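Participant: Each chain, written out:
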Amino acid sequence: TQLLEQSPQFLSIQEGENLTVYCNSSSVFSSLQWYRQEPGEGPVLLVTVVTGGEVKKLKRLTFQFGDARKDSSLHITAAQPGDTGLYLCAGERDSNYQLIWGAGTKLIIKP
Amino acid sequence: DAGITQSPRHKVTETGTPVTLRCHQTENHRYMYWYRQDPGHGLRLIHYSYGVKDTDKGEVSDGYSVSRSKTEDFLLTLESATSSQTSVYFCAISFGQGGQFFGPGTRLTVL
Numbered sequence: 001t002q003l004l005e006q007s008p009q010f011l012s013i014q015e016g017e018n019l020t021v022y023c024n025s026s027s028v029f030s031s032l033q034w035y036r037q038e039p040g041e042g043p044v045l046l047v048t049v050v051t052g053g054e055v056k057k058l059k060r061l062t063f064q065f066g067d068a069r070k071d072s073s074l075h076i077t078a079a080q081p082g083d084t085g086l087y088l089c090a091g092e093r094d095s096n097y098q099l100i101w102g103a104g105t106k107l108i109i110k111p
Numbered sequence: 001d002a003g004i005t006q007s008p009r010h011k012v013t014e015t016g017t018p019v020t021l022r023c024h025q026t027e028n029h030r031y032m033y034w035y036r037q038d039p040g041h042g043l044r045l046i047h048y049s050y051g052v053k054d055t056d057k058g059e060v061s062d063g064y065s066v067s068r069s070k071t072e073d074f075l076l077t078l079e080s081a082t083s084s085q086t087s088v089y090f091c092a093i094s095f096g097q098g099g100q101f102f103g104p105g106t107r108l109t110v111l
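If you read the sequences in order, they're chains A and B.
Residue numbering for the first sequence follows the working numbering, beginning at 1 and increasing consecutively.
Residue numbering for the second sequence follows the working numbering, beginning at 1 and increasing consecutively.
It should be emphasised that the hints constitute simulated quantities derived from the structure, not laboratory data.
Since the model is a prediction, treat every value here as computed from it, not as a measurement.
Hints are supplied without guarantee of correctness; some may be wrong.
[Stated by the list, open to error] Pulled a few chain A residues facing chain B out of the computed Cβ check, cut under 10 Å:
no. : residue
1   : 11
2   : 37
3   : 42
4   : 97
[As the list claims (entries may be wrong)] Pairwise CB distance ranges, derived in the manner of DEER restraints:
no. : chain 1 : residue 1 : chain 2 : residue 2 : range
5   : A       : 58        : B       : 5         : 26 to 34 Å
6   : B       : 65        : A       : 53        : 37 to 45 Å
7   : A       : 84        : B       : 8         : 23 to 31 Å
8   : A       : 30        : B       : 104       : 27 to 35 Å
9   : B       : 20        : A       : 38        : 21 to 29 Å
10  : B       : 39        : A       : 3         : 13 to 21 Å
11  : B       : 62        : A       : 53        : 37 to 45 Å
12  : A       : 56        : B       : 69        : 13 to 21 Å
13  : B       : 65        : A       : 81        : 40 to 48 Å
14  : A       : 15        : B       : 80        : 32 to 40 Å
15  : B       : 62        : A       : 55        : 28 to 36 Å
16  : B       : 53        : A       : 27        : 28 to 36 Å
Even for Gly, the Cβ is constructed at its ideal location relative to N, Cα and C.
Same shape as in the complex, but just chain A (with noise of 0.2 Å):
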């Protein structure tokens, strides 16, 4: 059962474009966290959302938090081919830190 449903799973693009990936769930978490994943490395994390409503950006990327804790997604501005990547999003919800982790959405950008 997948507790953290993403999307879209695979979205290619032309660079300078504006995309949105979302990552719901029907549980509470007390934080949301976001993670890029480039072939043959493990997973580095961007941002760490903790309240419901927060929004934190990074350059291009925004993040947002959804008001009830269940949701969150990850806008980008002008896409960039250097975005290019596998991006995830992990809901923290049990003790011990455990993350329940969605499937994950690869993303090209085209030059």
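Since the structure of chain A is provided, determine the placement of chain B on it from the hints.
Facilitator: Just chain B, lined up with the frame of chain A:
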């Protein structure tokens, strides 16, 4: 950056043989995790540890065991490897709500 290494980085083995993967951290963190990553499934937790000799099962623990005799080392053992255990295995440490930091991964092929 967190110092996490995994060994070996690549391994090919035959069905029925035992295999041990090693994760080593230099950060003295309490929480360590073993995941497997397969296409379409994202990251799935195999086992985790919350201290020396303190371990617990994740969602896909069947066929795997772990040991943690020192803070810095977390070992994952496949007692009798099967083809379904062909995967990429990642070790991670937790900084609490600050997120998880991943090793470079081990690509395991069971023939």
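Participant: Could you run down the list of hints and mark each one as holding or not?
Facilitator: For each hint, the structure was consulted:
1. A cut of 10 Å between beta carbons decides the hint on residue 11 of chain A: the least distance to chain B is about 16 Å, and the hint is violated.
2. For residue 37 of chain A, the interface hint holds, the least distance from its beta-carbon to any beta-carbon of chain B being 8 Å, beneath 10 Å.
3. About 3 Å separates the beta-carbon of residue 42 of chain A from the nearest beta-carbon of chain B, less than 10 Å, and the hint is met.
4. Checking residue 97 of chain A against chain B by beta carbon gives a least distance of about 4 Å; that is within 10 Å, so the hint holds.
5. Under the hint 26 to 34 Å, the C-beta atoms of residue 58 of chain A and residue 5 of chain B, about 27 Å apart, fit the expected range.
6. Distance hint for residue 65 of chain B and residue 53 of chain A: a CB-CB separation of about 43 Å, consistent with the stated range 37 to 45 Å.
7. The beta-carbon spacing between residue 84 of chain A and residue 8 of chain B, approximately 28 Å, falls within the hinted interval of 23 to 31 Å.
8. Between residue 30 of chain A and residue 104 of chain B the Cβ separation comes to about 28 Å, which falls inside the hinted range of 27 to 35 Å.
9. For residue 20 of chain B and residue 38 of chain A, the hinted distance range of 21 to 29 Å is satisfied, since their beta carbons lie about 27 Å from each other.
10. Residue 39 of chain B and residue 3 of chain A have their C-beta atoms about 19 Å apart, which keeps the hinted 13 to 21 Å range intact.
11. The hint said 37 to 45 Å for the Cβ distance between residue 62 of chain B and residue 53 of chain A, and at roughly 40 Å that hint holds.
12. Look at residue 56 of chain A against residue 69 of chain B: about 39 Å separates their beta carbons, and that is not inside 13 to 21 Å.
13. In this structure, residue 65 of chain B and residue 81 of chain A meet the distance hint of 40 to 48 Å, their C-beta atoms being roughly 43 Å apart.
14. Taking the beta carbon of each, residue 15 of chain A and residue 80 of chain B are about 49 Å apart, not inside 32 to 40 Å as hinted.
15. For residue 62 of chain B paired with residue 55 of chain A, a C-beta distance near 41 Å fails the hint of 28 to 36 Å.
16. Range check, residue 53 of chain B to residue 27 of chain A: Cβ separation about 31 Å, and the 28 to 36 Å hint holds.
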